[in-house]
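> Below, each chain spelled out in residue letters.
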Amino acid sequence: MKTEQLQWTVTKDWDISNVQLTNAQLVLVFAGIDIIENCKYYEQLHKVYSQANIVLVSTSGEIHGNEMFDNSASATAIYFENTPIRISTKENTAGKDAEQIGMEITRELLQDDLKHVLIFSEGGHMNGDHLIAGISKHLPKHIAVTGGLAGDSARFAKTQVGLNNSLSESMVVAIGIYGDAIEVRYGSNDGWDLFGPLRLVTKAEENVLFDLDDTNALELYKKYLGERANELPGAALLFPICILKPDGTKLVRTILSINEENQSMVFAGNVPVGSKVQFMMANFDRVIESASNAATKSQISETEYPDLTLMVSCVGRKLVMQNRTEEEIEAVAETYNEESTFCGFYSNGEICPTTDGVNSLHNQTMTITTFKERV
Amino acid sequence: MTFDSLHPLLKRQVKKYLGLQEEIPEHLFNFLKSINQSYSLYDSNRELVDRAMKLSGEELFEKNALLFEEAARQRALINNIKEAIRTISPEQEINDSDILRIGEILTNTVNERKEFEKQLQEARENAEQSLETRKLFLANISHEIRTPINAISGMSGILADTEISETQKQYINAIQSSSKSLMVIVNDILDMSKLESGKFSAEFIPFDIRSIVDPLHTSYHLRTDEKGIAFSIEYPEDMPRWVFGDPTRLGQILNNLISNAIKFTDQGHVSLKITFEKNGKQNNFCFNVTDTGIGIDREKLKTIFEFFSQEDNTITRRFGGTGLGLAISKSIAELLGGEITVQSEKNVGSTFKFCLTMPEASEQIQKDKIVYSDLTGKNVLIVEDNELNRFLAVTILKKWNANLHIAENGVEAVEAVKNKDLDVVLMDIQMPVMDGVAASIAIRRELNSNVPIIALTANALESEKEKCWQAGMNEYITKPYNPEYLKEKIIFLIENSTKAEDHSTEHVSMQSLSELMNGSKEQMIRMTTVFLDQIETHFNELKLAFSENDLEQISKITHKLKSSFKLFGLDKTGVLLERIEQRAKTLDRHELNSELQIILSMQPRLTYLVQKELNQLILSNSNS
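Just so you know, the protein sequences line up as chains C and G, in that order.
Under the numbering used here, the first residue of the first sequence carries the number 55, and numbering increases by one thereafter.
Under the numbering used here, the first residue of the second sequence carries the number 6, and numbering increases by one thereafter.
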């Protein structure tokens with residue numbers, strides 16, 4: 055596998071003078087929501103990588119090398135020497151079932167030699183849990199799904215995902231990676247601190263939470279936030295909850311919004327009744343440490359570093375860490391001794407299997423997917 | 006970020022170790038900013054954790070308080086349960102902390118209780134079933150007893166008619182009076198079981214109230230004379246005669262009350278007083294039976310109307326009786342819409358009173374009866390050898406404007422029937438030259454005449470009655486006769502003779518029944534007894550339906566009856582019933598009415614004929 059990276063900013067076009075991988079099959083472009091609709095950067099890119107499928111994802115921050123940028127476009131061109139890929143795109147149009155979309159994707163990508171599924175979905179309306187459940191339904195257990203939901207600079211309004219010259223607010227792009235030459239590892243970690251007692255979800259509908267321990271969840275949440283409750287809804291991103299599902303899996307869920315009218319909280323993922331939940335808060339050291347934990351988990355081997363490292367980190371982490379955000383990217387780069395191509399973005403939801411191998415949607419994590427192609 | 010906005014702790018450290026006072030140098034800006042963020046985040050996190058700890062602590066405290074409360078309640082509850090268990094089963098050992106043991110004991114107790122309830126339920130079901138069995142048994146046993154009693158009284162009647170000594174006659178009289186008493190008791194029991202099972206029904210037919218009340222005098226004056234007490238019946242002259250009601254049941258109540266009164270009265274008098282109040286078409290009749298007898302204790306007054314209740318056991322020993330009469334009378338009175346009440350003083354006397362509302366019978370019904378109050382233009386043959394009796398008959402019949410013909414013996418009677426166009430024949434039985442039976446046989450078989458024949462005889466023997474029926478006579482009246490009764494019969498027979506086929510010659514044949522029952526006498530006896538009951542019940546129903554003009558009911562009853570009659574060889578009656586059924590269905594009222602009258606008038610004869618066969622069967626069964 056060969057990779058090369060280009061960057062586009064408002065003040066600086068792509069530097070195409072040194073482009074070598076003109077035969078790249080895949081280009082991953084992560085761009086700020088305000089940039090991505092500007093077609094200028096795409097036309098130029100397409101000219102250089104004329105044989106490549108160019109995947110476009112809007113973000114809340116672009117990871118380029120071991121740095122983080124806002125309102126830029128980061129392109130990573132990938133040339134697979136011995137690894138076929140196939141791309142499936144779906145529109146998440148109104149009324150369409152997310153699980154159905156997921157199942158269709160698997161139908162299109164599934165082959166005997168399917169190794170991994172990389173997925174980028176719009177992150178405004180998509181029910182990520184259902185999408186992943188759909189993809190996993192008929193997917194062999196050993197095949198992992200990783201990726202993320204697009205971001206929109208922490209506005210939580212509309213995101214954009216595209217393939218080549220088509221771009222839309224409702225697109226899902228899935229990339230099937232095939233063959234034995236490619237090796238894929240992944241890891242996810244949140245690093246948030248738990249506080250307050252464990253509580254039982256007693257009333258919830260999909261991703262809308264009403265009651266904990268038979269008392270109003272929003273009221274309880276505000277009580278625990280104290281004066282910080284005045285900063286709601288913005289502050290909600292800083293205080294996610296940890297869900298212990300009845301089956302034992304642990305997931306972090308970001309609060310997307312609160313509804314004072316019906317006293318409910320809307321999460322970036324489902325909150326099943328019967329789960330146990332606990333409030334969470336951030337601690338810089340541990341959040342940053344979690345990123346290097348994720349990197350360690352997704353290490354190819356003790357002596358080998360990945361050809362490509364894809365980081366999908368939660369927008370919530372960025373909001374907490376502010377100008378220290380880059381430290382987690384650096385922590386990942388350090389783990390691999392800076393010897394890999396680092397790309398990625400700050401997202402509305404990370405996709406990766408849980409520790410027990412169930413493909414899941416995560417919040418508030420650093421989720422890493424590493425690739426190594428053996429020739 | 007300015008120097009002053011740094012976290013206080015950081016500011017102090019920066020001052021102390023870096024010697025900075027006001028400005029942050031550019032190369033340290035980002036570094037201090039990051040550290041400052043950590044300090045701030047630490048503070049805000051600590052605040053959050055402190056608050057969470059405090060809130061969790063409060064929640065824990067509240068939950069604990071609730072738990073303590075709950076635990077105290079549980080303890081109190083367990084103590085209550087333990088107390089209850091000690092009360093229920095003191096022998097149970099309960100360890101203070103052993104809730105499981107308590108649960109076990111409770112479960113056992115509940116199971117025992119359930120078992121007990123189950124047993125109770127079973128016992129109740131058994132009791133209900135045995136009560137039902139008892140009722141059925143009573144009804145059956147009454148039939149079973151009645152049949153042999155009928156046979157005893159019938160056979161002793163036949164025996165009395167043979168050559169026997171005066172002593173033997175006395176024995177027979179004793180047998181007959183005993184079987185009559187026995188019959189009363191059995192009928193009482195039967196009535197009681199019918200009343201208890203709700204199978205007792207009341208009639209609602211037009212009848213002459215005086216025809217029920219007046220004969221009571223005749224029935225009882227002999228006994229009151231014997232006992233040396235006075236007996237009187239009083240009612241206002243303007244009391245309505247024709248009313249709708251149940252004459253049989255009214256008579257039963259009155260008979261019971263009067264015979265009771267006489268039974269318990271040794272001196273003074275017994276009286277029946279009837280008062281009435283007119284209320285439009287309704288009449289409220291009150292019947293008071295008063296005596297100057299032994300009276301009833303006040304405490305006993307409440308129970309005397311209960312079944313099997315007499316004032317006390319000594320009464321039974323002294324006066325006899327089943328103790329059912331009053332209870333039955335009371336139930337019947339209630340069935341008829343009245344209530345029997347009693348006022349009594351010990352050793353002074355008692356008054357039993359009941360009131361019935363009976364509507365006046367329509368004028369049409371009364372008129373129907375009045376139309377035939379006269380025999381004008383009717384040719385009546387009086388066959389009588391005794392001059393005095395002849396004179397009496399002539400006197401009575403002349404009063405009703407009949408054309409009279411006289412015959413002094415059977416031969417003359419046959420001759421008269423042959424030559425004259427007669428409407429009815431009044432036939433004495435014992436006559437010289439040719440008796441009434443022989444004459445009737447001649448009239449029917451030789452002259453082939455259907456002229457109605459009424460037997461008038463001083464001899465009330467069953468055997469003679471049977472001979473009359475067999476000879477084809479239509480009616481049997483014993484002398485001395487009630488002139489009104491005679492007139493009624495004459496009119497009825499004249500009215501119906503033209504339409505009536507000769508049912509008088511009909512006989513019971515047991516052949517079909519015998520074939521059906523494979524000759525089993527016992528089965529035949531059972532069937533015949535049932536048939537007798539059927540005749541009684543269904544004819545009563547028929548009368549009721551007739552009075553209510555209920556054609557549908559008439560058709561139903563006749564349909565039920567006809568096959569039974571045919572089974573007993575009573576084909577003509579069966580055919581007549583079939584015709585009535587048809588007429589009822591096609592709403593042919595005119596013919597229906599006259600034919601119904603015929604069939605209803607046949608009831609006594611039919612009953613007689615069937616009863617006779619039954620007696621015969623019982624006799625032959627006991628012989629074999």
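Any given hint could turn out to be false.
Taking beta-carbon pairs under 8 Å as the criterion, some of the chain C residues facing chain G (in silico) [stated by the list, open to error]: (1) F134; (2) G250; (3) K277; (4) Y278; (5) G280; (6) M335; (7) F338; (8) Q376; (9) R378; (10) A385; (11) N391; (12) T395.
Part of the chain C face toward chain G, derived, beta carbon under 8 Å [as the list claims (entries may be wrong)]: (13) N219; (14) F249; (15) P251; (16) N337.
The set of hints was computed from the structure by calculation and includes no laboratory data.
Note that this is a predicted model, so its numbers are computed, not measured.
Note that beta-carbon positions come from the ideal geometry of N, C-alpha and C, so glycine has one too.
> Now tell me if each hint is right for this structure.
Against the structure, the hints come out as follows:
1. At about 40 Å, the closest approach between the beta carbon of F134(C) and any beta carbon in chain G exceeds 8 Å, and the interface hint on this residue is violated.
2. Annotation: interface hint on G250(C) holds; nearest CB of chain G at approximately 4 Å, less than 8 Å.
3. About 6 Å separates the beta-carbon of K277(C) from the nearest beta-carbon of chain G, less than 8 Å, and the hint is met.
4. Among the interface hints, the one on Y278(C) holds; its C-beta lies about 6 Å from the nearest C-beta in chain G, closer than the 8 Å criterion.
5. About 5 Å separates the beta-carbon of G280(C) from the nearest beta-carbon of chain G, less than 8 Å, and the hint is met.
6. At a threshold of 8 Å, the smallest CB-CB gap from M335(C) to chain G is about 6 Å, leaving the interface hint in force.
7. The beta carbon of F338(C) comes within 6 Å of a beta carbon in chain G, closer than 8 Å, and the hint placing it at the interface holds.
8. Hint on Q376(C) holds. Least Cβ distance to chain G is approximately 7 Å, under the 8 Å limit.
9. Checking R378(C) against chain G by beta carbon gives a least distance of about 6 Å; that is within 8 Å, so the hint holds.
10. Because the beta carbon of A385(C) sits about 14 Å from the nearest beta carbon in chain G, more than 8 Å, this interface hint is broken.
11. Restraint check, N391(C) versus chain G: the minimum CB separation of about 24 Å is more than 8 Å; hint violated.
12. Look at T395(C): its Cβ only gets to about 27 Å from chain G, farther than 8 Å, so that hint breaks.
13. With its C-beta approaching chain G no nearer than about 41 Å, N219(C) sits outside the 8 Å limit, and its interface hint is violated.
14. Residue-level restraint check for F249(C) holds (minimum Cβ-Cβ distance to chain G is 5 Å; threshold 8 Å).
15. Here the hint on P251(C) is kept, as its CB sits about 5 Å from the closest CB of chain G, short of 8 Å.
16. Hint status for N337(C): holds, given a least beta-carbon distance of 6 Å to chain G, under 8 Å.
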